[in-house]
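Those sequence lines, one after another, are chains A and B. Start counting the first sequence at 302; every next residue gets the next number (my numbering). Start counting the second sequence at 302; every next residue gets the next number (my numbering).
Among the hints, a few may not be true.
Since copy identity is lost for identical chains, a pair holds within one copy or between any two.
Stated by the list, open to error - Within a straight-line C-alpha distance of at most 30 Å, the following computed DSSO-like cross-link-like pairs (lysine-lysine) qualify:
no.	residue 1	residue 2
1	331	731
2	644	419
3	644	331
It is worth saying that the hints were derived from the structure and are not from the lab.
Chain by chain, the residues run as shown.
There are 2 protein chains.
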Amino acid sequence: MPEAKLLENLKYLFNPRTVAVIGASDNPNKLGAHVMKSLTQGGFEGRILPVNPSAKTIMGIEAMGSVLDSSIPIDLAVVVVPAQFVPAVFEQCVSKNVRGIVLITAGFKEIDDPQGAKLQEKVRRLATKAAIPVIGPNTFGMINLNRNLNASFTPQFSLLQKGKLTLVSQSGGMSHLLAFMAMKQEVGFSKVVGLGNRLNVDFPDMVSYLMEDPDTEVIMLYLEGLDQPRRLLEAASRGRGKKPIIAYKTGRAESGDRASLSHTGSLAGNHDIYRGGFRQAGILCLDSSEALLDTARAMLMCPPPKGRKVAILSGQAGPAMAAGDFCEANGLEIAAFDSGTQKVINELLPPLALRTNPVDLGPAWYDARAIAGIVGAVMEDKNVDAILLLMMFASANRGAIASVSDLALRWKQQKPLITCLAAPQGIWEKQVKELEQSGALTNLPTPERAAQALVNLWEYRKIMEK
Amino acid sequence: MPEAKLLENLKYLFNPRTVAVIGASDNPNKLGAHVMKSLTQGGFEGRILPVNPSAKTIMGIEAMGSVLDSSIPIDLAVVVVPAQFVPAVFEQCVSKNVRGIVLITAGFKEIDDPQGAKLQEKVRRLATKAAIPVIGPNTFGMINLNRNLNASFTPQFSLLQKGKLTLVSQSGGMSHLLAFMAMKQEVGFSKVVGLGNRLNVDFPDMVSYLMEDPDTEVIMLYLEGLDQPRRLLEAASRGRGKKPIIAYKTGRAESGDRASLSHTGSLAGNHDIYRGGFRQAGILCLDSSEALLDTARAMLMCPPPKGRKVAILSGQAGPAMAAGDFCEANGLEIAAFDSGTQKVINELLPPLALRTNPVDLGPAWYDARAIAGIVGAVMEDKNVDAILLLMMFASANRGAIASVSDLALRWKQQKPLITCLAAPQGIWEKQVKELEQSGALTNLPTPERAAQALVNLWEYRKIMEK
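Next comes chain A alone, as it looks inside the complex (with noise of 0.2 Å):
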């Protein structure tokens, strides 16, 4: 399929005015129901047609035997016919010249039976031939949140808030996780797919759609195996440096390996061998759920830091030790503060703190004068590139956030300032919410995950050197 098309095609895919649910059905033991339930219930602003040759009425909307019965264009058909039916439908959606397809149906490649194989190219055959893109088969499907539409059988990825963020995952176990850890963490997404075996919408046809759209800001990869490995570090290496792009991805072991055959119908194939090729291509590999979703939102707020001295300052000592730690043995170093800052903290805090870099605010609790003065000679410090700012909550110390964050939604990140301002239920909460919505700062739940967010703006930044 030529490029170009595929990717105008896309646009429509992701953006449809019209959706018809192919195998759409009321039965709650159907997949068919689920994904009527989530477009309609998703808020979707564009005609749904559900497609049931044996219902007048799906949801209480009027049902058409097949796309070739409906008067008006179609952007988007879901299908989630049995297999053996999908060959017949894709005939009807070329016919009707459907601008794309999301083939939620699985027991096509990734089944012991080589028929599945064959099926498979069968339809690839169809669809590619007419130039329509296909996210599937063996999908949940997707999810454009800008758009309010839920292309897929989980009514609940409606509950994401819309963002910047967009994964692009081959396994639907781990996007339905990340939009779960997303929901708790009120991180926003712009789009979740799920390529599912890749009839003709692969990492790399997404990675050079999602380049171009406005709606996306840090492209998030999940991966089992790769068909084109070449492909998407070209795609990957001719949109370097405009968005970042972080990849998780599994198989490593040999089980791994096995399991994403069966599964998926692809090698996983050497992890080391990725891992060196995503870098050259300016992807950024990372080694767990927790750690794609972290990275992802630090990436999102904050400006890759200038070199690798980081400043922690925190409101208490042990915290600090720890992010420290993770800092200084993952390639960090803890900045040597310039003179200036430090007479500044001199003054302001005893000498029973800890003055030198990491500082404790300790001491500082009650005093806002003091807080926003080291904040703020730190954050002008030209020896530092990067601020972790940790403080856990303790009822003597809850007013503390109020220096803190004045002066952060006045910096707006000139260097990367992530957070750990951990508290309990109801505490902190709406402020450090609002402080990450306005831009000012990424907050994660511990000092070591602050860190590890830290160190892996200083590994994209050193890719991007390169």
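Knowing the structure of chain A, use the given hints to seat chain B on it.
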């Protein structure tokens, strides 16, 4: 101080009938007010005696000029007066036969001025001669949830649920952080103890005490430096096998060593030497606050695995691959099922699923009988030492948790069962919490963290075998 007398008096310190707050205050800018709030709002059922020579009442309770004015015996004195008044206060406590002291006041060994160390030595002699155990100085205090005793300057510690984990920490910040994490995860604690400068109660004393404490089942340590490493190793060795001890030690990095010296007046020392010594003494070392709490939870619920062979049962392939990668990279093996088990799985799953280990339960989402059959067969498989059960909610698998629940409840951790059952807020939460509270499983937020906890159970088992 004779060990026996110390342990005896620590019992009173943690289980007092009467608590005096020396330096109690109504002024919210003084720690004495926060301590009074903690005690009065925390539900403590014994007597609270505020001590303040210049107030008639504090928070509505009649105040005394000194502990000597009390007509009843005092088991615990919480001291928050400025450092220079502490020797006089201690003398009064000795006269009054106070059984234990929590010394919150800072300004001792941790300050730059050598007067601090001198003052600490002075009060140490006073307390130790009278066999009074002292938690602190330079601490937030301590909490014994089982007595509703919040002897700290943070009333919010009382939001913690009662449980069987005890944290002994050198850092107030880390204690607050871990407590907030536990609150969010609804994990219960027995005690949280901030050792501060360790006047005469140090890690080894706490380990000896907690080994005999019926309310504590898992001992969690957060350390920076140790003054008497050998004493800790001896105390741990004496309790070896009785209760798990897990430790998170920071201060690895150079800056950390500096920080520890300034912070609590002791050198952090060589990390690897500690790690080796800890292992020999039966203490498992962990590398983050998250791992410390996750592992403590798993240790509380799960028996140690008899071997390294893990079964991964997953509602989706991706999370299984992530967990499998983590297990294999960290010393666990993916079990090869017994032929009987494999036969059951092959009968219950269609050929399109991953039917060897890891098992993809995806096609059985709607089939409670199949899920129960597979999980049951794997639990009984003699080739399996531990089980990771992963299931990401999807609208279509909402009911799958029921069959898992029944089995887990009946199985009751005959082998370790760690899960990642993830869902949007309000879904599955109640069931998962009930399963945890009944001891049937430990549920962690990501597949990698579930795998990490299992790896740590196995590491602990290996330590115990030596």
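To see whether the hints hold, each was checked on the structure:
1. 331 with 731: So residue 331 and residue 731 pass the 30 Å test across copies only (26 Å; inside, 40 Å).
2. 644 with 419: between (73 Å within a copy, 28 Å between copies)
3. 644 with 331: Only across copies: residue 644 and residue 331 sit 28 Å apart there, 69 Å inside one copy, limit 30 Å.
In this structure, every one of the numbered hints holds.
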